[in-house]
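Student: Using the hints, put the two chains back together into the complex; each one sits in its own frame.
Heads up: the sequence lines are chains C and G, in that order.
Here the first sequence stands for residues 1 to 292, where the numbers follow this note's numbering.
Here the second sequence stands for residues 293 to 661, where the numbers follow this note's numbering.
In case anyone wonders, no lab produced these hints; they're calculated from the structure.
Some hints here could point you the wrong way.
Chain G residues, not near chain C, derived (Cβ > 10 Å throughout) [to be verified]:
hint: 1; residue: L317
hint: 2; residue: T548
hint: 3; residue: K576
hint: 4; residue: Y598
hint: 5; residue: I644
Cut-off 27 Å, straight-line C-alpha distance, at most; resulting in silico cross-link-like pairs (DSSO-like, lysine-lysine) [to be verified]:
hint: 6; chain 1: G; residue 1: K295; chain 2: G; residue 2: K475
hint: 7; chain 1: C; residue 1: K184; chain 2: G; residue 2: K421
hint: 8; chain 1: G; residue 1: K383; chain 2: C; residue 2: K184
Think of the CB as a built atom: it goes at the ideal place given N, C-alpha and C, for glycine as much as any other residue.
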Amino acid sequence: MKHEKTKHEFRANTLPALVTVGPVTIIMVLLIAVPLIYVAVMSFCSIDEFYNVTFDFTLENYVRLANVDYLKIYAQSIVIALVTTVICILVGYPFSYIIARTKSKKKKILYMLVIIPFWTNSLIRIYGWRTFLGSSGWLNSLLAGIGIAKEPIEFLYKQGTTILGMVYCLIPFMILPLYTAIEKLDSSLLEASSDLGARPVSTFLEVILPLTSSGIFSGSLMVFIPCLGYFFVSDILGGGNSDVIGNLIERQFQSGNNWPLGAALSIILIVVTLILVKIYQKLGGDMDSLGV
Amino acid sequence: MGKIVEIEGVNKIYGSNHVVKDLNLSIEEGEFLTLLGSSGCGKTTTLRMIAGFEEPTTGTIMVEGERVEDKEPFERNVNTVFQSYALFPHKTIYDNIAYGLKMKKVPKAEIKERVYEMMEMVQLGGFEKRYPSQLSGGQKQRVAIARALINRPRVLLLDEPLGALDLKLRKQMQLELKRLQKKLNITFIYVTHDQEEALTMSDRIAVMHDGVIDQLATPTEIYEHPKTKFVATFIGETNIYDGCITSITDGVATMTLENGAVSVKCPEDFSLLEYATISVRPEKMRFATEPVEGFELEAQVKDYIYVGSVLKCIVSLPNGNELKIERLAGQELPPIGSKCYPYWNIDDAVLIHNESHYIFEALNNIKLA
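Same shape as in the complex, but just chain G (with noise of 0.2 Å):
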């Protein structure tokens, strides 16, 4: 196994927008990579780089260990399924399916073979004398996934394939595409702006921000130790608070919030007196009646909010914010309104690095000098 997609610093500039900056990203072989960002974060721009349909404005792109930035998308060994399938409407289920292996001039009966084998394949027996406006929304997805695999290609690049289908089919599609790449062995490309589609299908994801990858990492690594305060927050949901680090004792250091202090593990990279983030997924949050050793931190008990399996707290601090506490339901908890003392496992709170940090760094070197 080796890489099978190397961009190396590829920038992308639209007149005055830099849309891609500096990207530099390894895609192993059979491996499903995730590009997820919210819209206009430049994962679409790099995922067609890759298919052709981009040139980078500067960089290079390795397919198989070759360049192909200046190839044509018709000369290159990838193919793409599309946001908005990009059937041909003027063709037959089995001449979509087909049309990949026509071009390339693959004798008719063997056409026929791997169409009826691929439409099999993705479930849809029966339809190759259909058009596509004849065929629902998900059936229009297998279409197009059937449309692309057939050319057997290395890599296969999704561009948010399951976006236009209600959550419950989208669901199961997720299942179904994850079991093709595993079958086929297939390397996959996936473009999402659902984190939750993200943490299901991924084997590795690449968070995109603002035309840069802001973490590229496993999806337990990308929940559980997000390296900037955008990927906290963007994936799953999360507290975070911006305070300072007053004191480091045994790799706990204690971070004097707004409201208060709190005890966190403190990495190594992490100094005295630096101002950080911290990020407490809800499910990791606790609140005592009672103060908990480590921690000053007041709270009020504001509303129960039942979700099912879980109980979701808010309470809000001195200062007015909110935190967002989840626990298991059916446990006796405070009266709305009562005093509380929210908590958490050194373990289970990260601490991240604060861009603003280096501002308030620079400031001091300022005010130093």
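Same shape as in the complex, but just chain C (with noise of 0.2 Å):
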């Protein structure tokens, strides 16, 4: 009896999960840990005269990394990803209250405004800002128009428009977490203040931003980290002059063919990423408001 009992627990619980969780871990191996790995170990690897990987170990990639117009590039990038993230709080905080607290049927139709743009890739809607900002584009067509501007404006391939497009293709990383954090907070802890003689001002300053920093925090990181990578964006709207980590690894793997440079240029990224997201844990982040 007791032999069939065993039986039977296994069949009722090692079954489903295998079936469940089996394939999924399957796939995460083959298209994550795997090319991940490899990547890793060709950031070691050399390259003969023809451009192909030799797996001759050499940490000649890392070396080449420290150079000056590298650790430019680095400092420039992080730049970027500071202004962007700072400019996506700050537009993102007021349109994600707003949204949260609201109580009107309006508050789904703000939320869609966020989510729809997200199904479009974002290649495309790049290209999108490229044509609508260009010298011939809309943009000049009716500053023209209305007489503001005699000579088309220049506003392409400026650093200033790859923040610009940076923020547009990830304020959404900014608002969904905020969006959860301002809509967890009680009401009632708002009531609460104002009863206890706090103006508006000293409610946000005491109360709401304390409480709602977890979604500034997750935010940020969700901003900060992709914008290192956004190499399409600089490509597009920056046009070489704002180049972010990304475009140091795209270049490497496609016009460079030094995949080995290339590689250990993503390792560095993942490090860097990983140094952020401890901070992030040891600031009291939760990993689960990242989606992780």
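Tutor: Printed below as a string of structure tokens:
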């Protein structure tokens, strides 16, 4: 009897577990773990004179990355990512607050306004901006039409334009965690604060901001990290004047055809990301709110 | 002692939902007033309008002789103890209690002194560095009370503050709250759905039903002389009967009920042939083995339930309705199934105007016309 029972338990628990989690595990291993290990290994490889990857162990790729020109681009990347993050907070916070706190039916519409652009490929949307901002684009036609600008204004190929594109692409990642944090806020706490004599500004600084800081944290992380890698935004809108780390990687794999160097750059980016996540955790950040 | 809160002609309408209907209520300084009613009766909405979280649709609210209905909560000299406590989870107990004083820019040294004094008063000494999540329900409750009282409000609003506590703690907190209120001489406006709590603590109770105050009186008055059928049934247990006043002699009315006739003391505002309701508390009800003069009510003993100090007797009338009668335990009782004759002292039953009486009257008028 006892034996039968354990057999039954095996069937009841193990089989469904295998069926449900098994394929996912296989897919994760094949599509994420294996390529990652491959990239890590490649970052220590060399290339021969025909740019073929040879498995000779070397640290040369990493040494090359300490070059001043690269360091400048890392710094520039970080500046772009920081500015993008700050703008996303400044724009995203009030917007999230409004959608999270409004009681009307507009809430859903406002929420959808954030989500729907998300469903379109961001590459296409960035090309849209290029068409809009270009020297013969809509904005310049409009400005010329109403007589503000006599000559077309060059909007593209500036660092600001890259940041605009980054903000545009990444702001949903800021708004969604902020929305969740603000929505969770118990409105009786706001009433209590007001009841105890706090004016709206004090209530914001004393109660709302500290209690939604987790949303700001996770939103910032989710904007900052992709920002370092979104090469297509700086490619299309920045025209090479505002490269991020992602551009360097892309270039080594494409035109540079130096895969080991590109792999080393990728590893650097992964390490930077992990350090940031670690800092986030140390500051009390919740991994769940990152969607991890 | 004057009136500290005056509510005049206040209505609150949410869409098609008329929550508070033409409410008038004056609250004396230093009194403990309870708004009692079941959920959805408008008691919490009334409290929230006094606090400033809701704006009345029409009407005026005066606090200390000043109109406040357009003022924001932070401009009003009233404080609230919330049902969910609403303690700031990211602040220590000290900072929670100090919050109101900090907002009023009271000097730090004075804040410290007053917070410690307050913490002693609510028996929370030594808890200043803890966070709300580290406290039990009763302790959180004390913090919520301390946080409100430290501002020395003229009026303290309490929205079912003991609702989340277990029975024993609730009883203890009831007495403590009452003690604090007397000691600090602050007006308390207390919202609850627990009639026992209301009877224990209040100076006056306003029983609310469907957005209207059915009766505003002292606990004794409410219990012994309920004005409406709702008040009679909501506060305590009672036996209630509808019937018709068929004769009035020397201030004593004979009521004809479905199952017979009974006698009851008749106040002057009741008239012959009026359709009215009679309410008798179980502890005022008696029963005999022989018919009693003035009562033509025959019943059958159905069950005895022993509940410690008293014995609850259930007797059933011929139409199947049951009456609850309480007797001191240890008395000799007729056996279950035997006949009995319920009665009461005519002073112990309360006659209540019945809303449907007016419908009968209207119907009669139509017939006559």
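Student: Compare the structure with the hints numbered earlier in the document and write down the numbers of the violated ones, lowest to highest.
Tutor: none
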